[in-house]
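K.L.:
Protein chains in written order, with numbering that gives the first Met the number 0: chain A, 0 to 514; chain B, 0 to 484.
Worth flagging that the hints you see were computed from the coordinates, not collected in a lab.
Any given hint could be a false lead.
Said to hold, decoys possible - Computed footprint of chain B on chain A, listed as stretches where at least three residues anywhere in the stretch have a Cβ under 8 Å from a Cβ of chain B:
hint : region
1    : 98-104
2    : 124-137
3    : 289-301
4    : 375-386
5    : 476-483
In this text, a Cβ means the ideal position worked out from N, Cα and C, and glycines have one as well.
Take a look at the letters that make up each chain.
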Amino acid sequence: MSDSLTQLTLAEARDGLARKVFSARELALAHIAAVEAVRPLNAFITETPERALAMAAAADDRLAHGQARPLDGVPIAVKDLFCTKGVLTTAASHILDGFRPPYESTVTEKLWQAGAVMLGKTNLDEFGMGSSNMTSHYGPVENPWRRQPGGRAGDNRPLVPGGSSGGSAAAVAARAALAATGTDTGGSIRQPASFCGIVGLKPSYGRCSRWGVIAYASSLDQPGPMTRTVRDAAILLQSMAGHDPKDSTSAPLPVPNYEAALSGDIRGLRIGLPHEYRAPGMPGEIEAVWQQGAEWLRRAGAEPVEISLPHTRYALPAYYIIAPAEASSNLARYDGVRFGLRVEGDNLDEMYELTRAAGFGAEVRRRVLIGTYVLSAGYYDAYYLKAQRVRALIAQDFAAAFTQVDCLLAPTAPSSAFAIGETGDDPVAMYLNDLFTVPASLAGLPAISVPAGRSGDGLPLGLQIIGRPFDEAGVLRAAGVLEDAAQFRDLPGFVAAGRRIRDRDDSHHLRQAGS
Amino acid sequence: MIEGRTGEWETVIGLEVHAQIVSEAKLFSGAATRFGAEPNTQVSPVDAAFPGMLPVINRHCVEQAVKTGLGLDAEINLVSVFDRKNYFYPDLPAGYQISQYLQPVVGHGRIVLDMPDGSTRAIGITRLHLEQDAGKSLHDQHPSLTYVDLNRAGIGLMEIVSEPDLRSAQEAGLYLRKLRSILRYLGTCDGNMDEGSMRCDANVSVRRPGGSFGTRCEIKNVNSVRYVMQAIEYEARRQVELLEEGGAVVQQTRLFDVGRGITRPMRSKEDAHDYRYFPDPDLLPLVLDRDWVDGLRAGLPELPDAKKARFISALGLSPEDAEVLVAEQAPALFFEEVAAGRDAKLAANWVVGDLFAALNRLGCGIERSPVSPAQLGALIDLIADGTISGRLAKDVFAEMVATGADPATIVEQKGLRQVTDSGAIAAAIEAVLAREADKLAEYRAGRDKLYGFFVGQIMKATQGKANPTLVNELLKERLAGQGPA
Numbered sequence: 000m001s002d003s004l005t006q007l008t009l010a011e012a013r014d015g016l017a018r019k020v021f022s023a024r025e026l027a028l029a030h031i032a033a034v035e036a037v038r039p040l041n042a043f044i045t046e047t048p049e050r051a052l053a054m055a056a057a058a059d060d061r062l063a064h065g066q067a068r069p070l071d072g073v074p075i076a077v078k079d080l081f082c083t084k085g086v087l088t089t090a091a092s093h094i095l096d097g098f099r100p101p102y103e104s105t106v107t108e109k110l111w112q113a114g115a116v117m118l119g120k121t122n123l124d125e126f127g128m129g130s131s132n133m134t135s136h137y138g139p140v141e142n143p144w145r146r147q148p149g150g151r152a153g154d155n156r157p158l159v160p161g162g163s164s165g166g167s168a169a170a171v172a173a174r175a176a177l178a179a180t181g182t183d184t185g186g187s188i189r190q191p192a193s194f195c196g197i198v199g200l201k202p203s204y205g206r207c208s209r210w211g212v213i214a215y216a217s218s219l220d221q222p223g224p225m226t227r228t229v230r231d232a233a234i235l236l237q238s239m240a241g242h243d244p245k246d247s248t249s250a251p252l253p254v255p256n257y258e259a260a261l262s263g264d265i266r267g268l269r270i271g272l273p274h275e276y277r278a279p280g281m282p283g284e285i286e287a288v289w290q291q292g293a294e295w296l297r298r299a300g301a302e303p304v305e306i307s308l309p310h311t312r313y314a315l316p317a318y319y320i321i322a323p324a325e326a327s328s329n330l331a332r333y334d335g336v337r338f339g340l341r342v343e344g345d346n347l348d349e350m351y352e353l354t355r356a357a358g359f360g361a362e363v364r365r366r367v368l369i370g371t372y373v374l375s376a377g378y379y380d381a382y383y384l385k386a387q388r389v390r391a392l393i394a395q396d397f398a399a400a401f402t403q404v405d406c407l408l409a410p411t412a413p414s415s416a417f418a419i420g421e422t423g424d425d426p427v428a429m430y431l432n433d434l435f436t437v438p439a440s441l442a443g444l445p446a447i448s449v450p451a452g453r454s455g456d457g458l459p460l461g462l463q464i465i466g467r468p469f470d471e472a473g474v475l476r477a478a479g480v481l482e483d484a485a486q487f488r489d490l491p492g493f494v495a496a497g498r499r500i501r502d503r504d505d506s507h508h509l510r511q512a513g514s
Numbered sequence: 000m001i002e003g004r005t006g007e008w009e010t011v012i013g014l015e016v017h018a019q020i021v022s023e024a025k026l027f028s029g030a031a032t033r034f035g036a037e038p039n040t041q042v043s044p045v046d047a048a049f050p051g052m053l054p055v056i057n058r059h060c061v062e063q064a065v066k067t068g069l070g071l072d073a074e075i076n077l078v079s080v081f082d083r084k085n086y087f088y089p090d091l092p093a094g095y096q097i098s099q100y101l102q103p104v105v106g107h108g109r110i111v112l113d114m115p116d117g118s119t120r121a122i123g124i125t126r127l128h129l130e131q132d133a134g135k136s137l138h139d140q141h142p143s144l145t146y147v148d149l150n151r152a153g154i155g156l157m158e159i160v161s162e163p164d165l166r167s168a169q170e171a172g173l174y175l176r177k178l179r180s181i182l183r184y185l186g187t188c189d190g191n192m193d194e195g196s197m198r199c200d201a202n203v204s205v206r207r208p209g210g211s212f213g214t215r216c217e218i219k220n221v222n223s224v225r226y227v228m229q230a231i232e233y234e235a236r237r238q239v240e241l242l243e244e245g246g247a248v249v250q251q252t253r254l255f256d257v258g259r260g261i262t263r264p265m266r267s268k269e270d271a272h273d274y275r276y277f278p279d280p281d282l283l284p285l286v287l288d289r290d291w292v293d294g295l296r297a298g299l300p301e302l303p304d305a306k307k308a309r310f311i312s313a314l315g316l317s318p319e320d321a322e323v324l325v326a327e328q329a330p331a332l333f334f335e336e337v338a339a340g341r342d343a344k345l346a347a348n349w350v351v352g353d354l355f356a357a358l359n360r361l362g363c364g365i366e367r368s369p370v371s372p373a374q375l376g377a378l379i380d381l382i383a384d385g386t387i388s389g390r391l392a393k394d395v396f397a398e399m400v401a402t403g404a405d406p407a408t409i410v411e412q413k414g415l416r417q418v419t420d421s422g423a424i425a426a427a428i429e430a431v432l433a434r435e436a437d438k439l440a441e442y443r444a445g446r447d448k449l450y451g452f453f454v455g456q457i458m459k460a461t462q463g464k465a466n467p468t469l470v471n472e473l474l475k476e477r478l479a480g481q482g483p484a
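Pulled out of the complex, with its shape left as it was, chain A reads as follows:
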């Protein structure tokens, strides 16, 4: 029973709960066990089994009284960048040691209000800065997928899950959570979704509130759902989205019914294929999956059109100026004065220096330095201001494209998941992972990654659909068609299955998990 409970989609679980096939408690117990079972992946920083059971009990109560809420009893994982009241919140950084926020982020609060059950806080790149989950103070996350023998001969090294929402992606892919929240700044939902063979949706900037989400780059950060199906993404987004007066950048727009948008009908839809989305050295199999995706959509009645986004090549450099600039300022508050880590020094400046040197990892320090540099007097115009102009041009590229087409189809990432150390320690090589995800981030557009195929060595490859501002519904509809055509059903090598757990046997095991 419980094995099969972790194999359900969110939609199936919701329906099963409604029909009382199983209880929220049973569903929670199965997932609490699964969370424990996937510990080797290091996907969670904090597990919250007791909270999960309490929330499940409340959900069961409502379900029993016919007062079910949209996500009642659905166990999910939360990226540890969302502040959760009273629960350790780390941003995967040493500098937030012991930080338990006295408040709950708007997005998670909405999810709990909708009845969702919190399994724990997932690992990530420190402050969301990374594309491999290797920058976490709590250690790297392992991708539940491994290369198949016969690809690169004998290469069965552990792979990265992508980043920064690597823990969320791994947990969802390994069946430890029905879904998870992520945040996307330059690809942090979509790229790990692609690497782990799941669905990841970055909504339009302003669709989901950033209040209570620890900031990396404020003008780019956007929470979104990470799920195993497009329908699940629609369901989760429904409860995450909406205007929040506490976030001045959140959009005062009504939220449409996303699940209802999944009509499967994309006849007449014009799909743009941006010909700049080809990286030097990009494996041919990614190009092949892309062409295959276009063909699937064509067969469903859409019309693929080659288009051009001429400023694409400037997107990555612009992103790596704007995001660090904002980060350098956003991270100034981690000064050892009010919360988190403090390393004492002989004077104030020394305390700052020692605290921040000890508290921030190498990648965070690098971006703070870059950001401080590009905002400095004398360099501001040449870097920050110019990057903002590039950003405006990127947005214009998309706006022009959307006069010809309804959405865009492109690869999510220029590669499949790689092994730790495989790409060398050149940070710029790492930044290239974000090549295809950053443009939509800079333009604030909704974009979804859907697993569309597998590489020669058996790893998932994602395709992304990018839509007009606030057209998450259209993006989800097209993604649903792609998903149906791709029929991606494969399980990763490491899943939280293989253990039969009955409710009454769980008490001992739960004490351990909760201790």
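Once you have looked at the hints, place chain B on chain A.
P.N.:
Just chain B, lined up with the frame of chain A:
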């Protein structure tokens, strides 16, 4: 002008005033702003810059800034932008201050100074922008530790920057007083410099008359008008002496040492911060609706300059009285209430003269005046209808100040009603002249000055209640020879 050894020097001053906005809540959070609260009791997670917290602009603070801009006769920018000013300090929790750098909410305006010689002088306002206050570092609570109080962190300030149009410490003083008066009229800042709700930075340089600007020094955070004037005075002389000795002024930030009356260096340009200003990505540009601004304009109170002009032209007051009355809103309102339907000049005399003197003695503001406008008006009415003489009115007023009683009650109780019975007055005159026969003889012999003596004696004999006009009339008649010798 400063007379140096080598000739005349002109002082050039520009002032930056930080005016705390009158508002229940902070600029970007809902925390309270009450002065003098226990440390760290008025701090929200936004003010303490906790992770994930976001600023939301307080509409009321924007309204206050726009009203102030309108009161300064300034351009209102319908689009303005909030920027981050980045620097590390423990009382700046986020590591940046949200301010407005390139696009402030208010642009060019002006303040008109009333110069001592009766002329006026317009001083340009460069800009007004909104920004957050920082918290307070307390260095005196512990031998080795600094404590931080974040109650003030995030409170809304208006930074009001003048053009370098001021030419003396005295003008700077006039400017600050006029600005404070306007802010208080508008209700946008209480102007209490001793509580820190209005603070001033002064940029001071000297030059030869008509020459190009000299290098300036900025004197930071001076908290009284008098200190600002002293600091400018000192700083200008310091610069003149330096230049006349062949030295050069170094651009630097200086502090005013209140105890010694001098300025001393705080930091020089070399270790000035690089604030790395950039638009705050947590906040959208501030976009104002023109109709909303026009509505605020229409609702502005009458400001001191307009009020002064009206008091002179419509009520016939002297410029001196008008200026004294309009300097603050409460006395002006008090005066207008007293003057309504009465002789305005007489009302002004009473308010500016007797009332202000009494308040001064009591050491209280006009809000706590023991005499209400209606009572003072009633007193003036008693003079006008001849119930009491102007002379007796002074006594009645003194009694009003002491007891708070109505003038009519005092007049009744003390029997101060004026004597207008010519028979009774004539009898008093006869009695006095009979008693002072010697003086009368001297008067007759040509000592005209004794006339006043007689009047005084007659008033004394009637306990001051005799109608002075009648006394004069009858006494003159009597001395002119009509009636008994």
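K.L.:
Can you confirm whether chain B covers the region 289-301 of chain A, using C-beta to C-beta distances below 8 Å and requiring at least three such residues?
P.N.:
violated (count 0)
K.L.:
Residue count check for the region 375-386 of chain A against chain B: does it reach three with CB-CB under 8 Å?
P.N.:
Since 4 is at least three, the answer is holds.
K.L.:
Do three or more residues from the region 124-137 of chain A put their C-beta atoms closer than 8 Å to C-beta atoms of chain B?
P.N.:
As far as the region 124-137 of chain A goes, the hint is violated, because 0 residues have Cβ atoms under 8 Å from chain B.
K.L.:
Check, residue by residue, whether the region 98-104 of chain A contains three or more positions whose beta-carbon lies closer than 8 Å to a beta-carbon of chain B, and give the verdict.
P.N.:
Three-residue rule met by the region 98-104 of chain A, so holds; n is 5.
K.L.:
Per the coverage rule (Cβ-Cβ under 8 Å, at least three residues), is the region 476-483 of chain A covered by chain B?
P.N.:
Coverage by chain B is violated for the region 476-483 of chain A (0 residues, Cβ < 8 Å).
Of the numbered hints given earlier, the model fails hints 2, 3 and 5; all others are met.
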